[in-house]
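**Student:** Residue numbers (our numbering), protein chains in the order written: chain A, 1 to 753; chain B, 1 to 337; chain C, 1 to 200.
By construction, these hints were calculated from the structure, which means they are not laboratory data.
These numbers come from a predicted model, not from an experiment.
Ideal Cβ positions, reconstructed from N, Cα and C, are used throughout, including at glycine.
Among the hints, erroneous ones may be present.
Label pairs and their calculated CB-CB ranges [said to hold, decoys possible]:
#1 C/G123 / B/P229: 49 to 59 Å
#2 B/P229 / A/S697: 24 to 34 Å
#3 B/G145 / A/P11: 52 to 62 Å
#4 A/G76 / C/G123: 28 to 38 Å
#5 A/P131 / B/R193: 25 to 35 Å
#6 C/S42 / A/A75: 28 to 38 Å
#7 B/A334 / A/N413: 49 to 59 Å
#8 B/R193 / C/D166: 23 to 33 Å
#9 C/K41 / B/R20: 41 to 51 Å
#10 A/P647 / C/S42: 54 to 64 Å
#11 C/D166 / B/M335: 23 to 33 Å
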Amino acid sequence: MADDTGLIGKPAVRIDGVAKVTGEARYASDEPVPNPAFAFLVTSPIASGRVRSIDQTAARAVPGVLDILTHENVAGEITPPKAPDQGKTTTTLESDKVWHDGQIVAVVVAETFEGAREAAHRINIAYDVQPPAASFDSPGAQEEPRKLGPEKKDPVKGDFATAFAAAPVKIDARYATPTQHHNPIELFTTTCVWDGPKLTVYEPTQTMYGLKAGVAKQLGLDPANVRTVSRYVGGAFGSKGMLTSRTAWIAIAARRLKRPVKLVATRDQGFTIATYRAETRHHLQLGATPDGRLTALRHEGWEVTSRPSGYNVGGTDTTARMYACPNVATKVNIVHADRNTPGFMRAPPDTPYMFALESAMDELSYALNLDPIELRRINDTQTDPIDGKPFSSRSLMKCFDQAAARFGWAKRNPKPGSMRDGDWLIGYGCATACYPSNIGPAAARLSLTPRGKAVIQLAAHEIGTGAYTTIAITVADRLGLKLEDVKVVLGDSDLPPVPVAGGSNNAASTAHVAAKACEEIRAKLAAAAVAANDTPFAGLDPATLKVTAAGLVGPGGKREPLDKAMARVSGGPLEVHVENAPEGLKPGALAGLYQGQADMVRGTARKDVTAFAFGAQLVEVRVHARTCEVRAPRVVSAFAAGTIVNPLTAYSQFMGGATWGLSSALHEATEVDPRTARYVNDNLADYLVPVNADVGSLEVIMVPEEDNRVNPMGIKGIGEIGIVGMNAAVANAVYHATGRRIRELPIRIEKLL
Amino acid sequence: MRPFSYERASDVQRAVIGGRETRQGQTDAPVQFLAGGTTLIDLMKLDVLRPARVVDIKGLKAAHASIEATPQRLRLGALASMAATARHPGVLRDYPVIAESLQLAASAQLRNMATLGGNVLQRTRCPYYRDTSWAECNKRDPGSGCTALKSFNRNHAVLGVDDSCISQYPGDFAVALVALDAAVELTGPTGRRMIAFETLHRPPQGKPNVETTLMPGEVITAFEVPAGPWTRRSLYLKIRDRSSYEFALSSAAVALDLNGGAVRQARIGLGGMAYRPWRAKEAEALLVGRPLNEGNAMAAATAALAGARTHGGNDFKPELGRRTLVRALLQAAAMEA
Amino acid sequence: MSTTSPAADGPTRRRLFEAAAGLAAAPAIAQAAAPAPTVRKSGAVDVVLNVNGQDHPLTLDPRTTLLDALREHLHLTGSKKGCDQGQCGACTVHVDGERVLSCLTLAVAVQGAKVTTIEGLAGPNGAVHPMQQAFIDNDGFQCGYCTPGQIMSAVACVKEGHAGSDGEIAEYMSGNLCRCAAYPKIVAAIKQARGKMERG
């Protein structure tokens, strides 16, 4: 835990702030490369079928066109990529097959961006078209239960059927969430540069080593010859968490031309060349006693995926564990359609599945005539209801109580439609948020100079989470330095590996390895000092010595200048290279980290405890009584997520997550045309995300929480939890405002007219 | 984007000579005028518009961007920016519906760039028009069909449509202009002419690729809005999913002349509903001589949407349009004007 | 296409619709008064872009947007491409002091105008602009990708007089999407910088 004198837990402005506000921060497509050629993708306008013929005549005639890659000339050059779950996925130029709308069918390379774009528009491709299945209920869509395995289990407990049949109060409802796309403002870009056998890939990624290993495998290269660089990532939210098909083709284009090639895919192409949050359906059944105790819970989910992929998010792992309930049944089904393969998007399982559970809990609160917060209190538990392990810590009701006090929940008249301000109906809604606490192995190189300047280097990812700063804080805290004396270098696969920046693991994973590196430096200096004769520390227990900017400090204020202490060990700067493997990690996971794998200790799959961060999210909505537009002027969220390394940037992440939740509840939906299985609103004017004017007061309370079981530093991770409760909190508030229960997101005007 | 030659026209005579091959509203028009560029450059990047020549008429600002508000009328130079017009004191005071229609449109950056003339000529946001990978679009490729009839069509028009095209006119300012009986000044190779703004945009009539009645080479040089006893009591109500920076799902431009509690005259335009800027004269007529209460407002709104034709995804639109108009009428009646 | 090397494809130039002398005198028409870009045989144009107070002669494909000219030809990569179709605001720059979207602006069309980008915002001594400092102080960003556009828009928002209230700021900043959703902190940053800009 943070102590009062340290830097952990104290708000600090970002050390990369100046770079970001001056335009100096280099995102992947900002990297200068010599004499680049420009690529432009050609994507399929059909969702199922084959490329029959490609007429390149007009495209080739465009001045400056250098090369056109199609399945006809490059099919055999790569090993197909894998889905986010490492299973099968769709292909692109490997063959003439078209799996989905917007699939890459050609890559045009030209001297200029303008020429490449023109040629891409002039290429003529004929297709043999098969009638596509767009989604659930489409003719030809194939439904099957998901495949189970050690990582994917259907949580089950007791005898649901009997308990539900006997329950005096029941909720039996179906919910749905739409297709959503991450839409980071940074586009999907790739720049590839060859230097002999060595390939450098500048690409925004959440997985430096995963990208490196994936590209190497696809191209049949020694991974040692592939370097990935991504110093700043312009938003990711899961979309840049896995290898996509574009990267290898740009590498091949660069190899064919013997010249750097730069791709900046268009906004609409981003909808189909990367992943997305698939649409889901849910059947939720709750049984309860008249005093509000849950006796039965069943959650069945359906998720869309591509034809070849079995990818699913399976959020029942979370919903089955949320409340004390003796009888639980769960099931997850996947539905194969002619679509691109989905993937991680902010709190992938929890966002859709908790919408269903937390909406059903609200419905139950009305059926029981209970305050929804009280219903959650009645069913709160410190024990994982599925396998009986303790939660490492669970401060859910503290979150509800602090959020409710701040929000003014007590002023809520529970009767739907009872609160009004002029023409606006007012509704208050709440929901539980949660996210499993994960931590992975990581490595880092740390050096300290005799003048007290530290440099830490690791292939971590700055996707907006403030990684530069949280890592610097940890080092400064542990070495007793000022923040400005710590330099952080990341975003380069030539540096020691860390896991994918996903699953809210990165703060924990990087802080622990940074702290371990600091400890190694301290231990080396301390061991040498106590063994030497020329120090005030001779013969002391080395554990009692601390490193600070002023030098080595011992009990009773004894001190030795840093340069002197270091001269004994290294002469100049002292550098350590450390690896951290958190307790409970699978054997081989550390080695796998270097191969781009992302095995982690997951909060839902530990032997000792179940580890989640929890939160409470309270929302005020206003619905116009006549025209029914929904606004959410006020949100209060409280989260207990263990140690908060940097409260300033943590606030931003929680707040951003909550805004994502508002967006998900009210705005976001990718429209899939049922007839053609194509995405229709594939741009930022039609795929709505909130603008500044949509966000009013968005308060975040960070409930102090010490958790020494989750991991040594007590860090739970915060990137995803902010979105999780919001879908249901908004829907519950809309019900309170209008008496209309909306079970299918997003909640738009036409559903309330 | 196809290659083009870029030219600058510094006065209107040179512009209309340079632009004499314009065929307004047609994808294959070989010449396009460039003003703010917010529609043209966008659609050229998307390969929807493919001019061989682009005539930059921003140089016309010197002579055609002034805003004059007199007791008789408002005259708006067509090269005035949306932003400059929206903040003009005379417009704000005497024609609030115009100021609001501009203020609620697009974003601050786009309003700085876009000119009034370009704004009224902005093309539909129909996704099947804007994306050439959808094969069927009568507006882009005459005779090819209309994808929107059978695909996702939440924000397609319900008024003034036919089976050739159900795309929606996306603008706001034009809805205010059509409500206020504005005229538009056109300058062309044969000189100047004034036409009723209402007649600038054509109905689809099976030829949605021809969008306006502009003659080849004609450029919009001004708008004139007659002052009326209703112009001060006017407002623009825009309903949309998010709070800003979004095209209208539904909108109403309303101007009222009240005599005590009763309506002497009403002017009503509808946005987000129609194929072109839409005037609801039936609704106006129903209000004359009657008090503006909920019932009469609803009767007018019902008349305004009586001709609506829906296609599934936009089934909710007539109801939203009615409610929007009722809200706008009641709000305008309550204005201090 | 060559970007900065002049005269690669010969001297055949024609000047189209040169500004009339009478108009050139009017101060409000800097763009019209400026000479039109000259066209080469190949169709490329010679253009001089004035960016952050400096003239940059370039030979460009006329299709090049101001955004691509800045990023790919002048290597000023602070202005970002987020949509390339006027829907996100990440490319916001100032042209003659007004905020505009550089992705929907042809580079050839701003010859004669003064372009200011995020790189030109800091003071001559390198000190960050009060708006930049306010974004840092208030954590008005996360990933930072939309930030140059937000800041250029924010500076204009204050100069336009549209930073009076939280609501007004939010409305006038709604053309700049921030997917990380730093919006309330952007509003706070603008309020902080507003005072300093007005005093300074």
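**Student:** Each hint should be assessed against the structure and marked as holding or not.
**Tutor:** Each hint tested on the structure:
Restraint check, C/G123 to B/P229: a C-beta distance of roughly 54 Å satisfies the suggested window 49 to 59 Å. Under the hint 24 to 34 Å, the C-beta atoms of B/P229 and A/S697, about 42 Å apart, miss the expected range. Checked against the hint of 52 to 62 Å, the pair B/G145 and A/P11 passes, with Cβ atoms roughly 59 Å apart. With their beta carbons about 57 Å apart, A/G76 and C/G123 fall outside the hinted range of 28 to 38 Å.
Hint check: A/P131 to B/R193, Cβ distance near 52 Å, so the stated range 25 to 35 Å is violated. Evaluation of the 28 to 38 Å hint for C/S42 and A/A75 yields a pass: the beta carbon distance comes to about 36 Å. At roughly 28 Å, the beta-carbon separation of B/A334 and A/N413 lies outside the given 49 to 59 Å, and the hint is violated. For B/R193 and C/D166, the Cβ-Cβ distance of about 48 Å falls outside the hinted range of 23 to 33 Å, so the restraint is violated.
In this structure the supplied range 41 to 51 Å is violated for C/K41 paired with B/R20, their Cβ-Cβ distance being about 25 Å. Under the hint 54 to 64 Å, the C-beta atoms of A/P647 and C/S42, about 58 Å apart, fit the expected range. The supplied range of 23 to 33 Å is met by C/D166 and B/M335, whose beta-carbon atoms lie about 25 Å from each other.
Comparing the model with each earlier hint shows violations of hints 2, 4, 5, 7, 8 and 9; every other hint is respected.
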